[in-house]
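Colleague: Sequence:
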Amino acid sequence: MIKITFPDKNVRQYEAGVSALDIAKSISEGLARNVLSAEVNGEVKDASLPIGEDAKIRFFTWNDTEGKATMWHSSAHLMAEAVEFFYPGAKFGIGPDIENGFYYDIDFGDRMVSENDFAKIEKKMLEFAREKQSFVRKEVSKEEALKYFTEKDDEYKLELINDLNDGEITFYESGSFVDLCRGPHLPNTGIIKAVKLLNVAGAYWRGDETRKQLTRIYGITFPKKKELDEYLVKLEEAKKRDHRKIGKELELFTFSQNVGLGLPLWLPKGAQLRERLENYLKKVQTEAGYLPVITPHIGNVKLYKTSGHYDKYGSDSFQPISTPVEGEEFFLKPMNCPHHCEIYKSKPHSYRELPIRYAEFGTVYRYEQSGELHGLTRVRGFTQDDAHIFCMPDQVKDEFKAVMAIVMKIFTALDFEDFIVQISLRDPDDKEKYIGSDENWEKAETAIKEVAEESNLNTVIEYGEAAFYGPKMDFMVRDALGRKWQLGTIQVDYNLPERFELEYVGADNEKHRPVMIHRAPFGSMERFVAVLIEHTAGKFPLWLTPDQFIILPISEKYQNYAEKVLKFLNNSDLRGQIDSRSEKTGRKIRDAELKRIPYMLIVGEKEEADNTVSVRKQGEGDQGTLTWDAYVGSMQDAIEKEMQKR
RNA sequence: GCCAAUGUAGCUCAGUUGGCCAGAGCAGCUGAUUUGUAAUCAGCCGGUCGGGGGUUCGAAUCCCUCCAUUGGCUCCA
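Position 612 of the first sequence, counting from 1, maps to 606 under the working numbering, and the rest follow consecutively.
Don't read these hints as lab results, they were simulated from the structure. One or more hints might be untrue.
Pair ranges (Cβ atoms, derived) [unchecked claim]:
hint : residue 1 : residue 2 : range
1    : Lys114    : Glu448    : 54 to 60 Å
2    : Lys276    : Ala232    : 29 to 35 Å
3    : Leu25     : Lys117    : 43 to 49 Å
4    : Lys220    : Glu47     : 37 to 43 Å
Restricting the straight-line Cα-Cα distance to at most 30 Å, the calculated cross-link-like pairs of lysine-lysine (DSSO-like) are [unchecked claim]:
hint : residue 1 : residue 2
5    : Lys220    : Lys242
6    : Lys117    : Lys187
7    : Lys85     : Lys136
8    : Lys239    : Lys478
9    : Lys187    : Lys114
10   : Lys611    : Lys234
11   : Lys114    : Lys276
12   : Lys403    : Lys276
13   : Lys582    : Lys234
Heads up, the beta-carbon is just placed ideally off N, CA and C, and yes, glycines get one too.
All chains should be built: construct the whole structure from the sequences, respecting the hints.
Modeller: Written as structure tokens, this is what we have:
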């Protein structure tokens, strides 16, 4: 007999060799039906695996992320089985579970697979699911494993097996499909009740651009059909928040092929919104001791040779601009830092002046790959809310923390609650990609790691995500479809000060090298506004929204009164317009609602008689009648409330 | 840059197996209407069907190519 300990510390005795599934059954049939996998002594395992010794056990169901992972990983196998049925000879790469579902990378040879083929594959998957195929785990020797996939002629699996050690290789067999796999898997495929293949995409084998591109099929499965339907509805809803769609509807920005790919054109309403964000940050920065600077959009190529940008990105950038002078070349600036370094160098500095904080909304140009361009989130010309802090080494931490405070302030002000703080460090296996000495990198990485530890934020470390001159702390926020985008960023840099030979005179009357902190709380105005649009679905807070109200006169007769109201509101620092069209009120309301204008002020005979406005709130309907003063008061209160968050 | 899908008026979309001068709604313009909490009515304007090439008696529809968009991959100073 063995002792099984449950998460609630309860202990029960079982025969050795009992499976997690058996144990679940001994508790209740219902639990047994819902168990997808189990954690046995800290490791997630097949629920059907025999347990030979005393163990701590935890069951995973659909309500656990581990349970979902098991479900989706098994679904990848199920899909592979169906794919193999229709495309015998297809070769399989990897097929993991992901945050929402799973994918499998497949080499179909000469055959083309598109979304048109999904229906039959889905149908076959459900068929196999209904057969309640069990996942049979087999430990195999490396030799056996290699033999199997050599016969199957699957070079991808062979490559994977070659990277594994003998004795740690397992196969899983479900139906006719055998896969190299660590597991764990579902007790059987019958748990999968609803299947949806979502899209196909090319994906390089092992993420390596120089290797063959496989066909990746993404899918998701559910234990209930209803959950799939709900998921699909959610996806549709998310698409409605897409900033590209709302940006068009609300006339915030546009693109023109005549101007160029990835070069956004800000329309008046978008420009107003952006300007308010910029003014807000300018105010915060002034309070935090930043000094404004302004630099040109181009710079001599020499500048970027000094900074290292030329070597690193020169050939993939917009190409240099030549001048009538032989050999003279300018670059569109891809970064503001070299310019700011030159400003720093324009005069000698004393340690007493430090830290110096130069801030600029600097527009930069980068030749992003055409396939990467995406609305406002990935563009070729964008404006960074950039600043560079030049400080002494012992000031780095305090300065870094102060910048973090600004980022957090902004995120709080705009209700960005769901963000990831990512520590982006060097790829330890590929130091060639970076400039600067190991010593400098150590110092910079240590500083960031220490600051992160001292903050109360949950951070994740990503290796290989650093900038080429230094490590970063990146603030990642998701868009409507769950894609992560880097917004705020703070970077510690010991390298550029060296390259630009920046100096200050210390208390010891000797020359010292300052440390640079690059930082951009919004990241770029373009990307930030894009994410803001998706988070708010275009319903911006009052302090930001282009029009706070619109006055809707019932008819032409009340145009004069409407103008008086407008003047009064404008004088009270509120902004809005009059809809003077010869339309019915219902129509004006509908249009204002669709434009997400927060307040509609309906004025007619009654309102004119009592000097009031009839207030309608976007999305909420009629709010009753208020005097001008009362309305202004309520608006000021609402804005005041928003200000407190700022 | 790579893989796949898509590309018809400013926007959203119809256009059967290739067959009469390419359609609708919204937007825009003109006129009528003077309107009370999510679409007033009528008329007009607007497209060389993404560009180019080809097949055909005939192409928005079939083929090739280029461009762009979308979803991924790679990249992201």
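Colleague: Quick check: which numbered hints come out false for this structure?
Modeller: 3, 5, 11
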